[in-house]
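Visitor: Please construct the entire structure, taking both the sequences and the accompanying hints into account.
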Amino acid sequence: MKISFLILCGFFLILLLFSITTYINYQQSEKVNENSDKFSKSSTTLRNSNRFQRNILNLVSGLRGYLLTNETFFLQSYDSAIIENEQILNELSTLTIDNKSQRQLLSEIVSLYDRWGQEFATPLLDAKKHAMLSDSAAKAFDALYRKKLSDRLEDEIQQDIQRKFRGFTNAEYAFREDQRKTLTASVQQTRNISFYLTVLSIVIGIGIAGFLARHISS
Numbered sequence: 007m008k009i010s011f012l013i014l015c016g017f018f019l020i021l022l023l024f025s026i027t028t029y030i031n032y033q034q035s036e037k038v039n040e041n042s043d044k045f046s047k048s049s050t051t052l053r054n055s056n057r058f059q060r061n062i063l064n065l066v067s068g069l070r071g072y073l074l075t076n077e078t079f080f081l082q083s084y085d086s087a088i089i090e091n092e093q094i095l096n097e098l099s100t101l102t103i104d105n106k107s108q109r110q111l112l113s114e115i116v117s118l119y120d121r122w123g124q125e126f127a128t129p130l131l132d133a134k135k136h137a138m139l140s141d142s143a144a145k146a147f148d149a150l151y152r153k154k155l156s157d158r159l160e161d162e163i164q165q166d167i168q169r170k171f172r173g174f175t176n177a178e179y180a181f182r183e184d185q186r187k188t189l190t191a192s193v194q195q196t197r198n199i200s201f202y203l204t205v206l207s208i209v210i211g212i213g214i215a216g217f218l219a220r221h222i223s224s
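Using my numbering, the letters of the sequence shown map in sequence onto residues 7 to 224.
Everything labelled a hint here was simulated from the structure, so no lab data went into it.
Among the hints, erroneous ones may be present.
Simulated crosslink set (DSSO-like; lysine-lysine; CA at most 30 angstroms straight-line) [said to hold, decoys possible]:
1) Lys-37 with Lys-187
2) Lys-170 with Lys-44
3) Lys-106 with Lys-187
4) Lys-187 with Lys-44
5) Lys-154 with Lys-134
Guide: Right, dumping it as structure tokens:
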């Protein structure tokens with residue numbers, strides 16, 4: 007067998023081995039990137055969830071501040087929180103599109119949030135805006151305000167929203183912890199595979215070089 011043929015076979019064998027090593031490393035890096043993206047998405051979901059809950063508190067304080075003082079500053083704070091919540095809900099809807107249970111909880115939260123606005127906040131705001139027009143309108147607002155506070159509707163809705171959010175965030179924290187463990191394991195697996203493949207490539211390369219050297223010498 008010609009020595010040139012053996013050298014060519016050795017070269018292609020080493021090239022094939024390094025190609026396999028590169029491909030496996032690429033597959034592992036894609037797996038790491040996928041797990042990293044899931045972990046990052048979960049972190050973003052939790053951050054938006056916390057922002058939404060904070061904005062609900064801003065809505066309640068802004069609404070009550072405006073109703074009690076008639077200061078437009080509180081109304082501006084209320085309107086800003088409404089706009090930001092719309093953006094947050096759109097983003098959360100996108101982030102949870104692949105998680106059926108989280109999407110169901112988010113839908114229930116949105117329903118409660120809309121109910122709070124339609125049955126509590128909006129009627130009071132409309133009545134307050136008309137209260138300055140006449141004494142009868144002012145009396146109508148006072149009666150509506152006392153009624154809304156006495157029927158405990160707002161408290162029930164707010165408690166339901168908080169309970170749903172606890173379930174939502176607890177599930178997301180558990181999912182993120184699982185993703186963190188998976189990410190750590192995939193990173194370690196990638197390191198191990200890269201190390202063993204590199205050692206194997208070196209050993210085989212040395213073996214091929216030794217075989218060729220002995221064959222040339224003989």
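Visitor: Each hint needs a verdict: does it hold in this structure or not?
Guide: Do the hints match the structure? See the list:
no.	hint	verdict
1	Lys-37 with Lys-187	13 angstroms, holds
2	Lys-170 with Lys-44	23 angstroms, holds
3	Lys-106 with Lys-187	22 angstroms, holds
4	Lys-187 with Lys-44	12 angstroms, holds
5	Lys-154 with Lys-134	13 angstroms, holds
Going down the numbered hints, you'll see the structure goes against none, and every one checks out.
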